[in-house]
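Enquirer: If you're matching them up, the sequences are chains A and B in order.
Quick note: the first sequence, position 209, residue 209 per our numbering, numbers continuous.
Quick note: the second sequence, position 106, residue 106 per our numbering, numbers continuous.
Everything labelled a hint here was simulated from the structure, so no lab data went into it.
Just so it is clear, the structure is predicted and the values come from calculations on it, not from any experiment.
Idealized CB from N, CA, C, for every residue including glycine.
Treat the hints with care, as some may be off.
[Unchecked claim] Derived lysine-lysine pairs resembling DSS-like cross-links, with alpha carbons at most 30 Å apart:
id: 1; chain 1: B; residue 1: LYS128; chain 2: A; residue 2: LYS12
id: 2; chain 1: B; residue 1: LYS57; chain 2: A; residue 2: LYS287
id: 3; chain 1: A; residue 1: LYS31; chain 2: B; residue 2: LYS3
id: 4; chain 1: A; residue 1: LYS146; chain 2: A; residue 2: LYS287
id: 5; chain 1: A; residue 1: LYS234; chain 2: B; residue 2: LYS128
id: 6; chain 1: B; residue 1: LYS2; chain 2: B; residue 2: LYS117
id: 7; chain 1: A; residue 1: LYS12; chain 2: A; residue 2: LYS31
id: 8; chain 1: B; residue 1: LYS128; chain 2: A; residue 2: LYS31
id: 9; chain 1: A; residue 1: LYS12; chain 2: B; residue 2: LYS146
id: 10; chain 1: B; residue 1: LYS128; chain 2: A; residue 2: LYS17
id: 11; chain 1: A; residue 1: LYS12; chain 2: A; residue 2: LYS158
id: 12; chain 1: B; residue 1: LYS2; chain 2: A; residue 2: LYS28
[Stated by the list, open to error] Sample of chain B residues lacking proximity to chain A, with all beta carbon distances greater than 12 Å (derived):
id: 13; residue: LYS2
id: 14; residue: ASP16
id: 15; residue: GLN22
id: 16; residue: ARG24
id: 17; residue: GLY48
id: 18; residue: ASN53
id: 19; residue: ASN55
id: 20; residue: ALA58
id: 21; residue: LEU60
id: 22; residue: GLN81
id: 23; residue: ASN82
id: 24; residue: LEU94
id: 25; residue: CYS130
id: 26; residue: GLU142
Below, each chain spelled out in residue letters.
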Amino acid sequence: MSLQYNLENYYKPETMKQAVDLLLKFGKTAKVIAGGTDILPKRQCGAQFDTITHLIDISNLGLNYIKESKGNLCIGASTNINSLVTASAFHSNPYIGLIEAAEAHSTNTIRNQATVGGNLCNASPCADLALPLLALSACVVVAGPKGNHTIQLDTFFKGPNCTALLPGEILLEIIIPNHQETTGASFIKLRHHQTEVDMAVVNVATQLLLDGNNCLRAMIALGSVGPTSFLAKKAAGILSRQTLNKKLIEQAAMLAADESAPIDDNRATAGYRKEMAAVLVKNSLEKSWERSRK
Amino acid sequence: MKKKNIWMNVNGEWHDLTVTLQDRLIDTLRDQIGLTGTKEGCGEGECGACTINLNGKAVLACLMLSVQADGAQVTTIEGLQNGTDLHPLQTAFLTESAVQCGYCTPGMIMAGHALIKQNPDPDKTTVKTCLANNLCRCTGYEQPVKAVLKAAGEMRRKIK
Ligand SMILES: Cc1cc2nc3c(=O)[nH]c(=O)nc-3n(C[C@H](O)[C@H](O)[C@H](O)COP(=O)(O)OP(=O)(O)OC[C@H]3O[C@@H](n4cnc5c(N)ncnc54)[C@H](O)[C@@H]3O)c2cc1C
Ligand code: FES
Ligand code: FES
């Protein structure tokens, strides 16, 4: 028995209202548990979780689905990551980056348990799914004491393990707007050890929509090189409405690295991360470019 | 310590259990039900020694609270053999020399078991992806991959 929480209670509410009420009632001592792959491992039980005595299991709230609605693709927060890989909805050009990120996330075994909502709400700067979802301009639907509201994913991440969720709020759904079939997308992850069970040293997702070689829309999302996953907007900006060429892509990649603010840690130095960010952005943009021509 | 009553079907048998809220599934399986075939290596999701099948899928018993598994169907390594007959996966691990100290073996086999249930004819790459969460410090990885492929073939032949 090595779990280091001192749990007083565990709830599995049947309705969203019950879940929200429990979260409000227990405040800082309560935490949502989805797959548990972030909050259960021993190494995570640092000061951050010392106060947690109540777990609210959201697996009975019916949030495990992938569906189409009004032209958007919607992913329930409790959907496990392997379900993304097998969902036919994502097997088309604009979503290749999302599938690549899902397949790069941990291992087949952990992906049976780990959820999409958990990956976003944990708000790790190296979360793999955050990047293609940022590049796809996704937003999230949140339930709370005042009802439901929508937040652009771009403004959802506030810091390491910190999101825009207010007390009592639960992530319900991720909404991906419709993208043109010719949109090219890609996700690339650099690991420290090249084993599957390893978080990213740098991870990148990009999207390009072209008319001929004229770039109509460019998105560059970067992870593990700042306090949160983020969109490198200046870098993407120099591609928009321009004729794409290798040189321009290289410039955008350098600019994206400039927008990053990595730190040294046990997996890599800040300097290495910055250099690799430029390389990965370049490679990913080139892939997205090639895929957009298909 | 706070306790809760749960029930769980383990290897075909329902168990009424009283578990503490801190108990992980691996604690309940090993210490309460006495099924010590499931091993704990790292306790943090990295090594796969604790892999079991939960509702038909491979999951890590060290990364799940027992209360989360309330009502679930669990299969552990002990649930595979039929009387004294070993399961084709167990036989293949022996004949392919995929076992040395054996500590990783139950986890490897349970990962392979969930895979074959879902995909009776996996290719080598699929088997490698399936075993990617399972570390072995003795045998290396070629033999376990071969063993899973061989067992899958054996099981397809039996069904025919
Ligand atoms: C060995 C190992 C390898 C890993 N490898 C990777 C990897 O390669 N890439 C990667 O990105 N991650 C990785 N992870 C981290 C983890 O698996 C993922 O972040 C996972 O997606 C989290 O999902 P979960 O459902 O398990 O989250 P949980 O642990 O259940 O929850 C995570 C956090 O989100 C909150 N939360 C969850 N759902 C909601 C919701 N609907 N509303 C509000 N709050 C919510 C919880 O309160 C908690 O703070 C790894 C973890 C392990 C143990
Ligand atoms: S003991 Fe569960 S993964 Fe290592
Ligand atoms: S046989 Fe010893 S760890 Fe695999």
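Enquirer: Take the hints in turn and mark each one as holding or not.
Expert: So, going through the hints one by one against the coordinates:
1. In summary, the hint linking B/LYS128 to A/LYS12 is not supported, as the alpha carbons are separated by about 35 Å, beyond the 30 Å threshold.
2. Taking the CA atoms of B/LYS57 and A/LYS287, the gap is about 34 Å. The hint is violated against a cut of 30 Å.
3. With a CA separation close to 19 Å, the supplied pair A/LYS31 and B/LYS3 stays within the 30 Å bound.
4. Simply put, A/LYS146 and A/LYS287 have alpha-carbon atoms about 43 Å apart, too far for the 30 Å limit, and the pair is violated.
5. Taking the CA atoms of A/LYS234 and B/LYS128, the gap is about 40 Å. The hint is violated against a cut of 30 Å.
6. Straight-line distance between C-alpha atoms of B/LYS2 and B/LYS117 comes to about 37 Å, which puts the hinted pair past the 30 Å bound.
7. With a C-alpha separation of about 12 Å, the suggested pairing of A/LYS12 with A/LYS31 holds against the 30 Å cut-off.
8. A hinted pair counts as satisfied when its Cα atoms are at most 30 Å apart, and B/LYS128 with A/LYS31 does not qualify at roughly 35 Å.
9. Between A/LYS12 and B/LYS146 the CA atoms are separated by roughly 42 Å; this puts the pair beyond 30 Å, and the hint is violated.
10. Distance restraint check for B/LYS128 and A/LYS17: the Cα-Cα separation of roughly 43 Å exceeds the 30 Å cut-off, and the hinted pair is therefore not satisfied.
11. For the hint pairing A/LYS12 with A/LYS158, the CA-to-CA distance comes to about 28 Å; that is within 30 Å, so the pair holds.
12. Restraint check for B/LYS2 and A/LYS28: satisfied, since their Cα atoms lie roughly 19 Å apart, inside the 30 Å limit.
13. At roughly 6 Å, the least C-beta separation between B/LYS2 and chain A is not larger than 12 Å, which violates its mark as non-interface.
14. A cut-off of 12 Å between C-beta atoms confirms that B/ASP16 is not in contact with chain A; the least separation is 18 Å.
15. The non-interface label for B/GLN22 is inconsistent with chain A: the shortest C-beta to C-beta separation is roughly 4 Å, within 12 Å.
16. The claim that B/ARG24 lies off the interface is violated: its Cβ sits roughly 6 Å from the closest Cβ of chain A, which falls inside the 12 Å cut-off.
17. Distance to chain A contradicts B/GLY48 as a non-interface residue, since its nearest Cβ pair spans about 6 Å, not more than 12 Å.
18. Listed as a non-interface residue, B/ASN53 fails to keep its Cβ farther than 12 Å from every Cβ of chain A; the least gap is roughly 10 Å.
19. With a least CB separation of 10 Å from chain A, B/ASN55 falls inside the 12 Å interface cut-off, contrary to its annotation.
20. Non-interface call for B/ALA58 relative to chain A: violated, since the shortest CB-CB distance, roughly 5 Å, does not exceed 12 Å.
21. At the 12 Å boundary, the C-beta of B/LEU60 falls inside the reach of chain A, the nearest C-beta of that chain being 6 Å off.
22. Even its closest Cβ contact with chain A, about 22 Å, leaves B/GLN81 beyond 12 Å, as expected for a residue assigned away from the interface.
23. The Cβ of B/ASN82 lies farther than 12 Å from every Cβ of chain A, with a closest approach of about 25 Å, so its non-interface assignment holds.
24. Interface exclusion of B/LEU94 from chain A stands, the closest Cβ pair being 23 Å apart, more than 12 Å.
25. For B/CYS130, the non-interface assignment is contradicted: its Cβ lies about 6 Å from the closest Cβ of chain A, within the 12 Å cut-off.
26. No beta-carbon of chain A is positioned within 12 Å of the beta-carbon of B/GLU142; the least distance is around 16 Å.
Consistency note: the structure conflicts with the earlier hints numbered 1, 2, 4, 5, 6, 8, 9, 10, 13, 15, 16, 17, 18, 19, 20, 21 and 25.
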